[in-house]
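**Student:** Please arrange chain B on chain A, whose structure you already have, making use of the hints.
Protein chains: 2
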Amino acid sequence: MARVLVDVMLKPEILDPQGEAVANALPRLGVNGITSVRIGKRIELEFEGEPDLDQARAVADALLANPVIETFTIHLEEVVAADTAEAAETGEENAA
Amino acid sequence: MARVLVDVMLKPEILDPQGEAVANALPRLGVNGITSVRIGKRIELEFEGEPDLDQARAVADALLANPVIETFTIHLEEVVAADTAEAAETGEENAA
Chain A
165 MARVLVDVML
175 KPEILDPQGE
185 AVANALPRLG
195 VNGITSVRIG
205 KRIELEFEGE
215 PDLDQARAVA
225 DALLANPVIE
235 TFTIHLEEVV
245 AADTAEAAET
255 GEENAA
Chain B
165 MARVLVDVML
175 KPEILDPQGE
185 AVANALPRLG
195 VNGITSVRIG
205 KRIELEFEGE
215 PDLDQARAVA
225 DALLANPVIE
235 TFTIHLEEVV
245 AADTAEAAET
255 GEENAA
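If you're matching them up, the sequences are chains A and B in order.
So my numbering is basically just the index in the first sequence, starting at one, shifted up by 164.
So my numbering is basically just the index in the second sequence, starting at one, shifted up by 164.
Extracted from the complex, chain A is given alone in its bound form (with noise of 0.2 Å):
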């Protein structure tokens, strides 16, 4: 089974109040060391046999991304099922 993720974020020059919102709340939480905050969308797309990026594509294209205000990327990810989930789970970080 392999998952492909969709990563999809703000363009550069489009303003992103949430993101501004969570930045603007840091110094509250001690935090100061981060200057920027964007928050985009992750979609995760389960392929029933080989995974197929241009079909991802073609879906990113169509209903996930708005070309006007939005760019993605497209990433391949093994999913070792069981780990994954106990990963997840736990929140545990993967400094790839």
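Check before you lean on any hint, since a few could be wrong.
When chains are identical, the list treats them as one kind, so a pair holds in a single copy or across two.
[As the list claims (entries may be wrong)] Straight-line Cα separation of at most 20 Å, EDC-like style, residue types lysine to aspartate or glutamate; simulated pairs:
id : residue 1 : residue 2
1  : Lys175    : Glu214
2  : Lys175    : Glu241
3  : Lys175    : Asp216
4  : Lys175    : Glu210
5  : Lys205    : Glu184
6  : Lys175    : Asp225
7  : Lys175    : Glu234
8  : Lys205    : Glu234
9  : Lys175    : Asp218
10 : Lys205    : Asp180
11 : Lys205    : Asp225
12 : Lys205    : Glu241
Hint data in this document are derived by calculation from the structure and do not stem from the laboratory.
**Tutor:** Chain B alone, transformed into the frame defined by chain A:
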């Protein structure tokens, strides 16, 4: 300059109506190989100096993820300033 990515997804047992809406629209696009669609948040935290994964985790815990229904994973992403903007622009896939 380094960026920490926080990926926030709904827990597997939580219903994802957005993802289901996209999954139901796929046959109309002629896409049949995708068995499930899950939609979450991708947050980019840009650090001034050295990235601090513990600080990123504290921000994720406090502001970015609801621990009752969501899990998050943290990744370190080296930002190669110019290329990333250009790669994002062309929406190039990056089958990692």
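**Student:** Now tell me, hint by hint, if it's right for this structure.
**Tutor:** Each hint tested on the structure:
no.	hint	in the structure
1	Lys175 / Glu214	neither (31 Å within a copy, 25 Å between copies)
2	Lys175 / Glu241	between (24 Å within a copy, 18 Å between copies)
3	Lys175 / Asp216	neither (25 Å within a copy, 25 Å between copies)
4	Lys175 / Glu210	between (26 Å within a copy, 16 Å between copies)
5	Lys205 / Glu184	both (16 Å within a copy, 15 Å between copies)
6	Lys175 / Asp225	within (15 Å within a copy, 26 Å between copies)
7	Lys175 / Glu234	within (5 Å within a copy, 26 Å between copies)
8	Lys205 / Glu234	both (10 Å within a copy, 14 Å between copies)
9	Lys175 / Asp218	neither (22 Å within a copy, 28 Å between copies)
10	Lys205 / Asp180	both (13 Å within a copy, 14 Å between copies)
11	Lys205 / Asp225	both (14 Å within a copy, 18 Å between copies)
12	Lys205 / Glu241	both (16 Å within a copy, 17 Å between copies)
When the structure is compared with the earlier hints, violations turn up for hints 1, 3 and 9 and for no others.
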